[in-house]
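Got chain A sorted already, so can you dock chain B onto it with the hints?
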Amino acid sequence: MKTTSFISIVFALSATSALAGGHCAAGKTLTEGKLTIATGNPAYYPWVMDDSPESGEGFEAAVAYAVAAEMGFAADDVVWVRSSFDEAIQPGAKNFDMNMQQYSITPERDEVVDFSAPYYSAPMAVLVVGEGKNAEATLEGLKGLLWGAVGTTTAVPMLTDLIQPDSDPLLYGDNADVTAAMQAGQIDAALFDLPTALFLSAVMIEGSSILGQFPADRSDNPDQFGMLMEDGNPLKACVDEALAALTDSGALAEIEAKWLQDTTGVPLID
Amino acid sequence: MADQSAAGRTRRQIYEDRLRRRSLIIAGSSTTIVVLAVLFLVPMAPGWEKVQKSFFNWDVFAKTFPGLLEAFMLDVAIFAWCAPLIAILGLLVALARDVRSPALFPLRILGAAYTDIFRGVPVILTVYLIGFGIPGLGLPRPWNSPYIWGSLALILTYSAYVAEIFRSGIESVHQSQRSAAESLGLSESDTIRFVILPQAIRRVIPAQMNMLIALQKDVALLSFIGPVEIFRQAGVYKSLLANFTPYVGAAVIFLAVTIPATRYADYLLAKQNRERS
Numbered sequence: 001m002k003t004t005s006f007i008s009i010v011f012a013l014s015a016t017s018a019l020a021g022g023h024c025a026a027g028k029t030l031t032e033g034k035l036t037i038a039t040g041n042p043a044y045y046p047w048v049m050d051d052s053p054e055s056g057e058g059f060e061a062a063v064a065y066a067v068a069a070e071m072g073f074a075a076d077d078v079v080w081v082r083s084s085f086d087e088a089i090q091p092g093a094k095n096f097d098m099n100m101q102q103y104s105i106t107p108e109r110d111e112v113v114d115f116s117a118p119y120y121s122a123p124m125a126v127l128v129v130g131e132g133k134n135a136e137a138t139l140e141g142l143k144g145l146l147w148g149a150v151g152t153t154t155a156v157p158m159l160t161d162l163i164q165p166d167s168d169p170l171l172y173g174d175n176a177d178v179t180a181a182m183q184a185g186q187i188d189a190a191l192f193d194l195p196t197a198l199f200l201s202a203v204m205i206e207g208s209s210i211l212g213q214f215p216a217d218r219s220d221n222p223d224q225f226g227m228l229m230e231d232g233n234p235l236k237a238c239v240d241e242a243l244a245a246l247t248d249s250g251a252l253a254e255i256e257a258k259w260l261q262d263t264t265g266v267p268l269i270d
Numbered sequence: 001m002a003d004q005s006a007a008g009r010t011r012r013q014i015y016e017d018r019l020r021r022r023s024l025i026i027a028g029s030s031t032t033i034v035v036l037a038v039l040f041l042v043p044m045a046p047g048w049e050k051v052q053k054s055f056f057n058w059d060v061f062a063k064t065f066p067g068l069l070e071a072f073m074l075d076v077a078i079f080a081w082c083a084p085l086i087a088i089l090g091l092l093v094a095l096a097r098d099v100r101s102p103a104l105f106p107l108r109i110l111g112a113a114y115t116d117i118f119r120g121v122p123v124i125l126t127v128y129l130i131g132f133g134i135p136g137l138g139l140p141r142p143w144n145s146p147y148i149w150g151s152l153a154l155i156l157t158y159s160a161y162v163a164e165i166f167r168s169g170i171e172s173v174h175q176s177q178r179s180a181a182e183s184l185g186l187s188e189s190d191t192i193r194f195v196i197l198p199q200a201i202r203r204v205i206p207a208q209m210n211m212l213i214a215l216q217k218d219v220a221l222l223s224f225i226g227p228v229e230i231f232r233q234a235g236v237y238k239s240l241l242a243n244f245t246p247y248v249g250a251a252v253i254f255l256a257v258t259i260p261a262t263r264y265a266d267y268l269l270a271k272q273n274r275e276r277s
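Chains as they are written, first to last, in full-length UniProt numbering: chain A, 1 to 270; chain B, 1 to 277.
Source of the hints: derived by calculation from the structure; they are not laboratory data.
The beta carbon of each residue, even a glycine, is placed where N, CA and C say it ideally should be.
Treat each hint with caution, since some may be false.
[Said to hold, decoys possible] Here are the computed lysine-lysine pairs in the DSBU-like style, where the Cα-Cα straight-line distance is at most 30 angstroms: (1) K238(B) <-> K63(B); (2) K143(A) <-> K63(B); (3) K53(B) <-> K63(B); (4) K143(A) <-> K238(B).
[Claimed, not checked] Over the 12 angstroms line for every Cβ pair with chain B, so calculated as not near, a few chain A residues: (5) K28; (6) Y45; (7) A69; (8) G72; (9) A75; (10) D86; (11) N95; (12) Q102; (13) P107; (14) D168; (15) S209; (16) A216; (17) Q224; (18) P234; (19) D240; (20) E256.
Chain A with its partners taken away, still in its complex shape (with noise of 0.2 angstroms):
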């Protein structure tokens, strides 16, 4: 079986590295005529659907296909492999042409690594407990919680300024302290971008859930996943281009809105 799957994979590898040729990233992949794409180990949901990238399911998986589409890789042609979130953004040789596992952009990992461009911005997101579950995913159903926030993040201005909540809203230090009031029941809900809000719905705060979103353009300064190259790689251009293509045809916004909100069951909050 494995034998058979790694002629396949030697047949495609013939013939689609003539396809690729004449297209933008001809000479510029680890191996030629494959593209090499990294992402955690193990990959979670909604990014990777039960941690196999090859099905294409989940978010960075099928954002991971569409790109490699557009570069001219056919679906045979993309070969994942496994990294760490740590030894990724360290300097050095990769054994990836590109790694996704929700690399935000920063200046400072911008300095000893590249990334792409953004292939997603993640916006706020309503984590709720105890009787903020039943409050209505709409701005008006909002104003009635009583609201959690970290203090020195943009969701302050966003949750006095856009929701304007009836009660003065109860702010902290960092994550973890907003955890611990909604764990004593001392907040209904508390604004965190998507991923943090994912994370913590399932892993850290029992009992929680998340109420909706709101679109990314209503947050300022949001943070952006890229996908982490290494420093001076070539092949940055080309997936550029790609991601160009993929939100001006409106591609990305629907794989997004497949996986991270039909999927999670995050509904949009307008």
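For chain B alone, kept in the frame of chain A given last:
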């Protein structure tokens, strides 16, 4: 005798006045020189403009000051309900540590353990532990409010210090006073109430003033568990405006309260020393 009748002063007094004037002039001019040096030399430092922009930015100061002042009202409120409770609990603990009856010895142990624990644990840990921990046990609203439990954390910590100060006051009242009260037929509780405490409390008032000043600043620790008091509000402004001036504004507000309070404590202490000597 002519010079004495003219101003009503002796030659000695005139000499001393001259000395005093001279030292005043010297002190005044040296202070002026230091102040001028600071005012002129600091702005000459190469990074001054940047520092001024991020720490002493007038526009930011004027914009954020009203909000800070409003947030400070919460500090005042927390202070106002904590201070009397601290005084009462502190006094009770001090009295518990002073009981003489052998049957009540457990009370003494309890008092000692209390002061040891709450003076030894960092305030912020107590605030977290009580502010998040007790409500986390499943209290319903509004009894899980961070205002209630955060205040309790401050009260417990400060009572330990205040109790020790009260105790030092109680112990400073000489044993002979107790004996005298006893010989007059006063009961033990009356001795404490009418003989010991009135003297003890008066003696420790300046030291307790210092505790009030410290408490007034530590109220800001409640911001860790949610209440948006002046320190947190300044932090929010800092993040929004990427400027540290709001902290300076908060410091100005704190100083406006603590400096008069400190001067008053000094005055009380000096007065007490004069009375004793």
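If you test the structure against every hint from before, which numbers come out violated?
14
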